[in-house]
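We have chain U already, so just place chain E on it with the hints.
So the sequences go chain by chain: U and E. One gets my numbering by counting positions in the first sequence from 1 and adding 62 to each. One gets my numbering by counting positions in the second sequence from 1 and adding 62 to each.
Treat the hints as calculated values from the structure; they're not laboratory data. The reader is advised that the hints may include incorrect statements.
Unchecked claim - Only part of the chain E face toward chain U is listed, based on derived beta-carbon distances under 10 Å: (1) Asn-137; (2) Ser-143; (3) Pro-178; (4) Asp-236.
Virtual Cβ for every residue (Gly too), placed ideally from N, Cα, C.
Each chain is listed here by its residues.
There are 2 protein chains.
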Amino acid sequence: MICSYDGYDYMGFQIQKDLPTIERKLVEAFRKLVGVPVKIYPAGRTDRYVHALGQVFHVDLDVSISEAGLKKGLNSFLPESIYIRSVEKVPMTFHARFSAVAKEYRYYINTGEYQPMLSRYMPTIVHLDAEALEEALKLLEGTHDFKGFASASIDARKSTVKTIYHTQLIRREDLIEIRFVGDGFLKYQIRRMVGLLLEIALHKESKEKIIEVFEKKDPRISHRIADGCGLVLYRVEYEENR
Amino acid sequence: MICSYDGYDYMGFQIQKDLPTIERKLVEAFRKLVGVPVKIYPAGRTDRYVHALGQVFHVDLDVSISEAGLKKGLNSFLPESIYIRSVEKVPMTFHARFSAVAKEYRYYINTGEYQPMLSRYMPTIVHLDAEALEEALKLLEGTHDFKGFASASIDARKSTVKTIYHTQLIRREDLIEIRFVGDGFLKYQIRRMVGLLLEIALHKESKEKIIEVFEKKDPRISHRIADGCGLVLYRVEYEENR
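So that you can see chain U by itself, here it is in the shape it has in the complex:
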């Protein structure tokens, strides 16, 4: 299933006790529709305030309901802030997270006047040097150990080597959009990469700091973590013949 959501009113994707989360709303909608508890396997767990246009999740369902019926039924039980875009049957071997071959995230920044109608979807940061940002952005492309950009709390047994296939900076009037396409991203990785890019674009750091973070592999080297609300999980890619 592909879904979109406005993450601003949620404490992230993953269920946490009684807090409002995307997963909780999905589980509740499934329970209302099919009457049984359903476990949600997402492609990735987005943080607090982070949005999605193309989050993917799979479920193991043993009920006789059509794809169209699932889509319509779930959407009727979901709040306005969460929407099931499509439902598709997949082989038992498919896993929303482990079968993914690439993910695209987009980060938005308003560089103009503060605007209440944008404030849920992007931070406002003025006086950015967009050329410096773009130059530094290109240093993040390729295969690197991104440990220095990850949360300090991630599982030490897991590899922190990831590949960023493509980055792009797009300017539209006062808006800056930064696109990241990669094989996967560590917890906080994009927000901490964007945080450092913003420091560079504000001339508070030089672009060489990126190389330093790659080399030292130490998440405690302090730098800004960008606001969650500017981040959107745009799409998840799978092999054609999964």
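Frame of chain U; chain E shown alone:
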């Protein structure tokens, strides 16, 4: 003062008992900043869910605080959803409502897939005939008695003759933006004009219905009232030498 706001979480501009309204938040911010109750005179009272980029209001203030200090101070006491864009001293003869010579409102419609991140700012309506909408829109231009488009509850002693100087329909991918510039608008007028335009764009009414509403001058001739959340008070114009 020019202010912008995200109206989705408010019951409109005007104070109503204990309900959340824009005016209430402004009055509270003034009380915190200058310590005295301040009356707000807006250019127009926007309805529930309606947004503003360029709402104007004036206040009579007898305190020694600079324009910059007022802007900064008020913004520090206002929620993220309301922002004071500018503050300017005006002659005692200035009145935010009575000195206004024109207002521009914009109405937004998503004609594509439902999208949670757009849902606070525009309704989603598919299968619209944008050409039919634009043709009908042009019939609204000029000086007319708009009584048939107004709320049935408006003061019968006030003139319902208004002039729409300019309308424009802009399409950007799946979005439709409709602009209205006029000397003033009656309560519900834009939302009821857009409501009828949508019926025409859905081929449920013909554009001749507009002429009928002008001629019958009866607000009870039933037609759709468009959602408040798609409407934005974009700017208010005053004479240069007010």
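Run through the hints listed earlier and report the numbers of any the structure violates, in increasing order. 4
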